[in-house]
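S.K.: Chains Y, X and G, in that order, give the protein sequences.
Numbering of the first sequence is given in the working numbering, commencing with residue -13 and proceeding in unit increments.
Numbering of the second sequence is given in the working numbering, commencing with residue 268 and proceeding in unit increments.
Numbering of the third sequence is given in the working numbering, commencing with residue 76 and proceeding in unit increments.
In case anyone wonders, no lab produced these hints; they're calculated from the structure.
Warning: the hint list may mix true and false statements.
[As the list claims (entries may be wrong)] A few chain G residues that don't get close to chain Y, going by computed Cβ distances all over 12 Å: (1) Ala111; (2) Ala133; (3) Asp229; (4) Asp237; (5) Asp248; (6) Gly259; (7) Leu263; (8) Gln267.
[To be verified] Below are the BS3-like pairs computed for lysine-lysine, each with C-alpha atoms no more than 30 Å apart in a straight line: (9) Lys392/Y x Lys332/X; (10) Lys36/Y x Lys332/X; (11) Lys394/Y x Lys312/X; (12) Lys179/Y x Lys312/X.
[As the list claims (entries may be wrong)] Stretch by stretch, here's where chain G covers chain Y in the computed footprint (C-beta under 8 Å, at least three residues): (13) -4 to 2; (14) 26 to 37; (15) 209 to 215; (16) 240 to 249; (17) 371 to 377.
Being a predicted model, the structure only gives us computed values, none of them experimental.
Ideal Cβ placement from N, Cα and C applies to all residues, glycine included.
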Amino acid sequence: MAAAAPPILLFTDIDQPGLNTLDVYERRGGYQALRKALAMTPEAVLEQLKASGIRGRGGAGFAMGTKISFLPKGSMDKYLVCNADESEPGTFKDRELMQKTPHTLIEGIIIASYAAGANRSFIYIRGEYVLQADMLDAALHEARNAGYIGEGILGSEHSLSLVVHRGAGAYICGEETGLLDSLEGKRGNPRLKPPFPANQGLYQGPTLINNVETLATVPAIMEMGGEEYAKLGVETSTGTKLVSVSGHVTRPGNYEIELGISSREIIYGLAGGPPEGRQVKCWFPGGSSSPVLTAADLDVPYDFNSLAQAGSMLGSGAIIVVDDATPILDVAMKVAKFYRHESCGKCTPCREGTNWTVKMLERIELGEATPMDLEIMASVQEHIIGNCLCVLGDAMAMPIGSMIAKFKDEFEAHIERARMSNGLNRAGVADTALAAQGALEEPPGTLLAHQPGGEQAPGAHEGAPGTHRGGI
Amino acid sequence: MPRPEARTITFTIDGREVQVPENTMLVDAAAQGDVEIPVFCYEPKLGHPVGACRMCLVEVEGIPKLQTGCSTPVKDGMVVYTQSERVKTAQQSVVEFLLINHPLDCPVCDKGGECPLQDITFGWGGGISRFIEPKRHFVKPLELSPLIAIDRERCILCYRCVRFSQEVAEDYQLVLLERGAHSYVSTFDGHPYVAPFSGNIIELCPVGALTSRPYRFRARPWDIEGAGSVCTLCPAQCNVTITVRDERALRVLQRDNVEVDDGWLCDKGRFAYQSFHVDERITEPLIRDGGQLRPVSWERALEEAAAGLKRAGAQTGAIVGGQSTNEEGFLLSRLMRDGLGSPHLDSRRAGPLALEHHRALADPKLQARLSDLEFAHAVLVLDTEPVNDAPILDLRLRKGVRQHGLKLAVASPHPSSLDANAALSVRYTVGNGGVFAAALSAALSDGPDTEQLARRAGAEPEAVRQLAALLQGAGLSEDSTGESAGEAPAGEVVVLWGERLTAGPGGAAGVQALLALADGLNVADVDGAGLLELPAASNGRGLREAGALPNAGPGLSRLDGQAGRDTRAIAEGLADGGLAALYLLQSDPLRELPDRELWERALAGASTVIAQAAFLTEGILEHANVVFPAEAYPEKEGTVVHPDGRMQRLRPAIARPGSVRAGWQILAELALRVGLDLDVLNGPMASRQLFDSVPFYAGLTLEEIGGRGVRWQERDAVLEFPAASAEAAPEQSPAEAAQAPEEDAADLAGWRSVWDAPEVEYSPALEFLFPRERAVLPLSYSGGERI
Amino acid sequence: MTSVHRFEHGSRVPGWDLPADLEKDPAEIPDPATTAVPDDLRSEIEAHLALYPDHRSAALPALAAAQRVHGWCSPEAIEQVACVMRVTPAYLESVASFYDMLETTPVGRHSVYVCTNISCSLCGADELYAAVSDAAGDDPDFNVRAFECLGACDIAPMASVDGVYVGPLTVADVPQLLEDIRAGRPVLPEKQLARRLVADPNANSQEWVGENRSPAEGGA
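The following block holds chain Y by itself, in its conformation from the complex (with noise of 0.2 Å):
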């Protein structure tokens, strides 16, 4: 990248004391994107969104200003949902907008919400983020006192009321008809779509889904018009993005990057790369649900185009790196075991599928698989592909299917490995040519606790009786 410093329109600042407050925020020029918002139509706002080309910052990265042209024109009660529920693993992004500078957000919702016409409003954010939650709910005391949130906002025609609704606890609510669901005071089933949200979402109104970094980029591309906005990053991923960045990596935290730049930039010269004598073994570009790439992809630019390109996802923007020192198996089972605890039920591929893969998962690590089970492992990801109702399924099965594929000599060889220390192997061949290749050895930061004579060190699983609490 070049020396020049990247554009930061997000984090601006973002560690000024106060920045959370009304008084703060506004001396440093906040809410005046409103009020330019609010002296154009709603239809001229709309283009300039368009013009700004901003793909959905929470996963899907579906273009806003097209997502908002779908809703219909009328005088129904229409909503708009900002989708606060960051809970995609590796992602924190949005947490450090809301704590820090939550009236960017508020301030971005009322914007979205004029050039959608929607007059009800709702963040519904994750119940785990208190601090954060709070943060906003003082915000927005601030913003109904001060006139930008109520009736005839700044004079206007407008009118908008906002409620923050904090979650309590479920993944799935992040899906944007599960998130709809549970909102309306349902279990977070996610539903069929179509209907989309656009014509039947929240109460079955028309509604506008976002995600937060989305909504708080709004004001930015009002200050800055959208064609300027549309300057920065590459050509189909156009602006800024924030990337959470942890795992195996010096300094985890958020960055603001300009959409193209390499991930190996963002990896190493940002976030200082693994540790000292360590190498990327691989890496989620996405959040956990997207497939993993290897350190040959490092160089693949960080937008949504190279990624898919490449076999994978950008998703939330949030890289989780492992290192060389982890076994791939701990890895696949961490992910595994997330996805099952938050599959919602509903329909059968997720449920069965994330259950099956998590049991023939803990086989590998007992030591009573086969590689036989590989391939049936890596059928139940297929034929979970494309079934599921909603995007859960894919992505448990999208990530642990690239595992497999990717990393299918070091799960036969540690199927092997478990199985000869379990005593079900003690045939000579196949001893001597894994000694040679030096996989006999127990590889360092194993999770297994083997002992000689098969026994299994107790406690070491859960499953039994009363264990689903933890979820883990």
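Keeping the supplied structure of chain Y fixed, place chains X and G upon it in accordance with the hints.
M.R.: Just chains X and G, lined up with the frame of chain Y:
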């Protein structure tokens, strides 16, 4: 709203072009093209599809992902493939996923042999299972209620049962707990799932997770036969299929008549079959000898009965009970009038009505169909509580409110279980339904009496006006302002009224008010609008049309001579000596009729009481001189008439136990012995005589009625219906007819809910329901009054 | 002989393995006349009900409020909420058992959610969870749970203590952590997320002084 009209479109499935109404779901459309798409969670009766089981995935050209057929409406020109490799792989994988946690219970599972999971696995599954992990385990089976057992291991989480509980029956007791692979179906905190319609989940469940406890391990599908009939335990007259093994009824299933029951059954209809086979059932003729009833031969019983009837002659009274068929009522009326010269027979509980009023109320132009309850713009439920009087109608009304935007209004003396769904609920005092109707019709025309009449009825005048406004606004869109005062409603309004509206001395006023209401609501001759009566007796309408009335002959024809005594007058006559003999056709006055004290005196005072009964309920046990065993409805042959005029056929499903004889046969033999040859040698002959005697049934045959029934108002013979002459109708001032508020007990004692019946009392499975109903709590599952 | 454990269901909703009590009445919408609801709980729920067009949307906030009052979503708590919201208790139980933060069994007062998802696990969260779990032991005041990604992977491994995020934690921090909770003090103040600056070096144009501190060094 009027029934949806749809144009026909063409789409292609598996290379074949098929024409179907637009927006049919792909699964149904494919069925019309002879292509089967397997489904589990799809059940159109449950409302919108959920697409949860993923079994119906098919390939639609132009859409990259496979689509669920249950939620995809067909559009013109759509091209669908159900036999491609992608679809087959998906179907096999879904079956594989479903079976991985499903226990190998087939040999011990009640559902085996009639199990959609078995069938779909065989038809669309892969044939081998690759799953060798331990399955998920639950404690099983557990009681979910006295009637239903739940086996959670078998559950495939298709959501049908919880959707039924939440969206159809709306009792919201059965829910899913936990999440993901841990989900299971349960109720709150160990409470049982007790609701009037809980049994339907047994039929909905596609696997053996929810099973009927009374039917557990009783039979396998290859042992049994199914026989279709009509349940006569309440006026809803649902179509049923009776499962028969070795001449016993083992269970009752729905027979899905969308015009009658919409595919649901209440728990009474579903489980009361047990009462037909209990020991308490009377199977031999009985005669009272020295104070005790003892079994005798048919000859002896018939002789004794005939002798008693001949002695009494014209001083005989007859009460025709609700479970009698039209033929039985008709033959009894002939026995009484032609054989004994007595006009004193009645099938109504509510007291006498003039013939003109009968005719006016039964006028085909005013009649609504049952399915109109679902599609009308507004329904007024007047003086009846559907869940207690004809339970299935409660579901139909909820469906209308839920799916078609029906505006429901409830007007009754007691809180109703439909109050939560009603746009408006109005209360008035007990017994004043007729006055209330008058007040309402005054409000519709903005008349001056509204205030006074409303107060007489014990209702708030403002509420009455609001109700009038609601009904008049029916059919108008939300935006139009309420400028319709004084005008007829633009849309269809159905008035569902209970027989007690015309009860007692204020009956005539009640009828007048009702007719005025019908006029004000513009229901005459409007398709989709009208009046619908819920009679107190199951076959109340049929018996009236067959001539079992003191002042009307078959087909509501005028009788020569003086009118006979009505029910209450019969009791009075028996008590004071005016009448000597009493014939009870499947009726026990002490159980069913108001004025218990009067009837006790009447039964005691009668010289001969002849009863045709299935159970020795108290009236019969203490007072009957001769008891003929009566058939239960699965043994009967004959016809009944649904409250909306649909003639339905009863066919014998099981053999009669013991020495039970057909009802028509008993009446024919008795008639012979009193000197009248009824010329009936079998059931169809009785039906033929009936059809010939009722002008507006002319040309009807049993074949025409068939399995689905036929409404006589929709046949050509409807032109023969005797028109009511307005001049001859008696007048009664509603204000005079108003009654002071009576004690609740007096009203409730006279109008029992259908749940308080011998069939419920004697069915072991339903025993848990009976004690609560004896206390006559309104069986409202949103909390009724507590006595 | 297999050592793969039998996957037993073991639900966190009590009574999953028991038949329905046939003596009980069906669970309908609770009668206000017979259900006693504490006044402040009632007014809190009613305040939530007023915010939404549909009363059922208040289910999650209402259940969270009842959980604060009762300690967990007990049958009594659910009936109280059901009475105010005019819904059946089964509906609320179904909602409560779906979400991780609503407890359907009695739990300790202080919740310690240790994130054991992928990012934190790569940094040693499993050992941390085991350490916290052991240290808390049987203490009825603590509700120690292994939780899914809490959205704080930059301070991995971390925990949410009564809603306050602290991290990165080491096994050595555990005794102090529990001490702070028991004493009612702010937990490990120097490790709280609230004080952390953003990691992006290009974000801030100057060093903002005040409560903020620089990000902790090191990662995994």
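S.K.: Does each hint hold? Answer for all of them.
M.R.: Hints, verified against the model:
1. Ala111: holds (24 Å)
2. Ala133: violated (7 Å)
3. Asp229: Given a closest Cβ separation of 4 Å, the condition is violated.
4. Asp237: Violated, since 8 Å does not exceed 12 Å.
5. Asp248: holds (18 Å)
6. Gly259: Per Cβ check, Gly259/G is outside 12 Å of chain Y; nearest 17 Å; holds.
7. Leu263: Non-interface label on Leu263/G holds, nearest chain Y Cβ at 15 Å vs cutoff 12 Å.
8. Gln267: Gln267/G not clear of chain Y: closest Cβ-Cβ about 9 Å, inside 12 Å.
9. Lys392/Y x Lys332/X: holds (25 Å)
10. Lys36/Y x Lys332/X: Satisfied, since the Cα-Cα distance of roughly 28 Å is no more than 30 Å.
11. Lys394/Y x Lys312/X: violated (49 Å)
12. Lys179/Y x Lys312/X: Roughly 21 Å separates the two Cα atoms, so the pair holds.
13. -4 to 2: holds (count 6)
14. 26 to 37: violated (count 0)
15. 209 to 215: As far as the stretch 209 to 215 of chain Y goes, the hint is violated, because 0 residues have Cβ atoms under 8 Å from chain G.
16. 240 to 249: With 3 residues closer than 8 Å to chain G, the stretch 240 to 249 of chain Y meets the three-residue bar; holds.
17. 371 to 377: violated (count 0)
Violated hints, listed in ascending order, are 2, 3, 4, 8, 11, 14, 15 and 17; each of the other numbered hints is respected by the structure.
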